[in-house]
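From first to last, the protein sequence lines stand for chains A and B.
The opening residue of the first sequence carries number 1 in our numbering; numbering runs sequentially from there.
The opening residue of the second sequence carries number 1 in our numbering; numbering runs sequentially from there.
I should point out that these hints are in silico values taken from the structure, not numbers from a laboratory.
We put the CB at the ideal spot given by N, CA and C, even for glycine.
Any given hint could be a false lead.
[Said to hold, decoys possible] Distance windows between CB atoms, simulated:
# : chain 1 : residue 1 : chain 2 : residue 2 : range
1 : B       : Gly-230   : A       : Asp-430   : 24 to 32 Å
2 : A       : Asp-430   : B       : Ser-68    : 46 to 54 Å
3 : B       : Pro-62    : A       : Asp-239   : 20 to 28 Å
Chain by chain, the residues:
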Amino acid sequence: MRSLEMPWMSKGMRGRLALVLAIAILLELLGNLALHRWQERELLGSAGAMLVAQQLVDAAHVAEAASRSERAGLMHGLAIDGLALNWVPSTVITDHSTARRQLANMRERLVRFAPELEGRELRLSLMPGTDTRQRDLVGLLALNDGSFISFRVNRYLQAPPPLWLVSLLHIVLLASVFGLALLMIQTMVRPLRRLATAADETGRDYTRPIDVPKGPQEVTRLADALAGMQARLLKVMRDNTQALIAVSHDLRTPIQRMKLRVSMSDDAELREAMGQDMAEMEIFIDGMLAYVRSGADEQARLIDAAAVLTTIVDDMADMGTDIRFIGPDSLTMSVRPIAFTRMIQNLIENARRYANRIEVRLTVDESGGATIAIEDDGPGIPEERRQEALRPFHKLDSPSQGPSPGQGAGLGLAFVERTLELHSGKLRLDKSDLGGLSVRIGLPGAQLADAT
Amino acid sequence: MARSAHIIVVEDDAPLRMLLARLLGECGYQATGVSDGNELSRVMAHPGDRPVDLILLDIMLPGEDGLSLCRRIRKASQVPIIMVSARGQEADRVAGLDIGADDYIPKPFSRPELLARVRAALRRGRESRIPPEVATPECYHFNNWRFYPRRRELFAPSGAEVSLTAAEHELLLTLLRHAHRTIGRERLLELVHSRLPHSRDRSIDVLVSRLRRKLGGVRRSESLIRSVRGVGYTFIADVELA
Numbered sequence: 001m002r003s004l005e006m007p008w009m010s011k012g013m014r015g016r017l018a019l020v021l022a023i024a025i026l027l028e029l030l031g032n033l034a035l036h037r038w039q040e041r042e043l044l045g046s047a048g049a050m051l052v053a054q055q056l057v058d059a060a061h062v063a064e065a066a067s068r069s070e071r072a073g074l075m076h077g078l079a080i081d082g083l084a085l086n087w088v089p090s091t092v093i094t095d096h097s098t099a100r101r102q103l104a105n106m107r108e109r110l111v112r113f114a115p116e117l118e119g120r121e122l123r124l125s126l127m128p129g130t131d132t133r134q135r136d137l138v139g140l141l142a143l144n145d146g147s148f149i150s151f152r153v154n155r156y157l158q159a160p161p162p163l164w165l166v167s168l169l170h171i172v173l174l175a176s177v178f179g180l181a182l183l184m185i186q187t188m189v190r191p192l193r194r195l196a197t198a199a200d201e202t203g204r205d206y207t208r209p210i211d212v213p214k215g216p217q218e219v220t221r222l223a224d225a226l227a228g229m230q231a232r233l234l235k236v237m238r239d240n241t242q243a244l245i246a247v248s249h250d251l252r253t254p255i256q257r258m259k260l261r262v263s264m265s266d267d268a269e270l271r272e273a274m275g276q277d278m279a280e281m282e283i284f285i286d287g288m289l290a291y292v293r294s295g296a297d298e299q300a301r302l303i304d305a306a307a308v309l310t311t312i313v314d315d316m317a318d319m320g321t322d323i324r325f326i327g328p329d330s331l332t333m334s335v336r337p338i339a340f341t342r343m344i345q346n347l348i349e350n351a352r353r354y355a356n357r358i359e360v361r362l363t364v365d366e367s368g369g370a371t372i373a374i375e376d377d378g379p380g381i382p383e384e385r386r387q388e389a390l391r392p393f394h395k396l397d398s399p400s401q402g403p404s405p406g407q408g409a410g411l412g413l414a415f416v417e418r419t420l421e422l423h424s425g426k427l428r429l430d431k432s433d434l435g436g437l438s439v440r441i442g443l444p445g446a447q448l449a450d451a452t
Numbered sequence: 001m002a003r004s005a006h007i008i009v010v011e012d013d014a015p016l017r018m019l020l021a022r023l024l025g026e027c028g029y030q031a032t033g034v035s036d037g038n039e040l041s042r043v044m045a046h047p048g049d050r051p052v053d054l055i056l057l058d059i060m061l062p063g064e065d066g067l068s069l070c071r072r073i074r075k076a077s078q079v080p081i082i083m084v085s086a087r088g089q090e091a092d093r094v095a096g097l098d099i100g101a102d103d104y105i106p107k108p109f110s111r112p113e114l115l116a117r118v119r120a121a122l123r124r125g126r127e128s129r130i131p132p133e134v135a136t137p138e139c140y141h142f143n144n145w146r147f148y149p150r151r152r153e154l155f156a157p158s159g160a161e162v163s164l165t166a167a168e169h170e171l172l173l174t175l176l177r178h179a180h181r182t183i184g185r186e187r188l189l190e191l192v193h194s195r196l197p198h199s200r201d202r203s204i205d206v207l208v209s210r211l212r213r214k215l216g217g218v219r220r221s222e223s224l225i226r227s228v229r230g231v232g233y234t235f236i237a238d239v240e241l242a
């Protein structure tokens, strides 16, 4: 609502809220007043009032000239359509015009049309009408001997509307004022919601820069602060990533030198031992790079996931691992191929470290959800420590055995989780029917190649 | 072969360059280390009595990088080139093979890995005096499948990429090269393993059955690779080169 951005409006949140509140209260008040007026609208026009005033003055003259016994009869004769007249020696009717503004107005109008009435006592009151639910004006005009002319103006006030109608109108009024106020507050709060969304997305893979919205001062300031924080945060993240990548890359040349130097050594035992040390370093670096990248710099492509699994499994089986693949020959999926392959290699490598026998199972359900399960016969992870295993740089070492050699940087499962996040996949750790750990990956959008 | 093969090592890290030269020297090759593209051009321009048989080319070089060097060399010469780059740079591998490198070896590599690749590259360089472009076409088409041997990529009719092990890749390439001809088991094994540095000798039947599974012909009647009893295997689909 751009129309609300007016220069005279307060720039701050408090001022805006106060304004909304004031507007709401004012509207409610005006609405109430209008409703009330509508309920009490008069049926007697100017001409009618003039006629009544004239008739009353005439009646007073006639009555004062006549004897008391004739007065009632004379008054009946002066009655006109809509105005009944009578003479009473005394009365119990009192004046209500001081309590009711409408009656006071009526008195003023009557006096204006017939100034003579001013000197006389005039009592005005309301009475329910005889035939309809409209109300009549009942009045008394004092004569100079202390008796009164009583008069009744038929259909003076509109009938009061039924209670349900009045209630309904009040509810409608309240609801519209409330709705309007809500709308105004909504426009004030909307930028906050957008800020929250932008903040939520920061640090995920698709980070939109925070734009500073128009709105209350507090919101623009908050947006400014958040945008600054986002920029700093992203820069730190980028710098860290770059530094990690650079370090990992730079380590490769010295490792390469060491590898070649060792291979030229005559000491077979040293060659063997250092070869293993360096293999560990390589695993560490690969894990680090994989975690930092996690496939964020790669496009998703259509691949045959079953072929990827069999390729990895066959390669490992050829190297002497007891591993086999159970599943369809072909299963097409759209994934980031390098990250996906690394993720599977990572999980199998993990299993191989702790287990002797590994099974990789691939299944797919009717809705295209693929499940890749890596089952092993190793020691597994107790249920209460499975969550812990997912944290980056965290290694589960059992106190009895101490940290086992060659287990990498402890980035394995954390990397897998990050990769899965990119693929809207899920990870579950379970107990395997082979006796060890079962790592189950759920991925959407798989398609079995038809048998033709 | 009267003279030993001459290998140029292009590597900007001096200690590593010397190590590589020494290692290759110990294995009976003549090795020349150069640190960048300019030096390489100088050696290539004046080989004297030592023609260059193989270039070991690092991708990350100061000044002109390995990829652009490789492209430049290919314009003038068909000398075998092995690209060297940090592991995990999949893009480098594809790019390198795309612009005409013969092989790719990720850093850090081991001594046997390097020697096996060097031997294989040299053998191919000697075997085929025909340019490698002719020897290895860009793409093979068969039954709606596409196989890009340089990039080592195989695509199913659905468009999905099907990954292959190194041995499967060599087997498929060998079969495609000799389509409609029956190749004996022994010969097939020899062709496949000549290019593989450190594969355990899987029987050729295991390899063929793995490849068959990936090519989708589960049922024997549909298989693109037909067994010829007691002899070997024949690739029966029509193969188009592109």
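Evaluation of the provided hints:
no.	hint	result
1	Gly-230/B - Asp-430/A: 24 to 32 Å	violated, 48 Å
2	Asp-430/A - Ser-68/B: 46 to 54 Å	holds, 51 Å
3	Pro-62/B - Asp-239/A: 20 to 28 Å	holds, 23 Å
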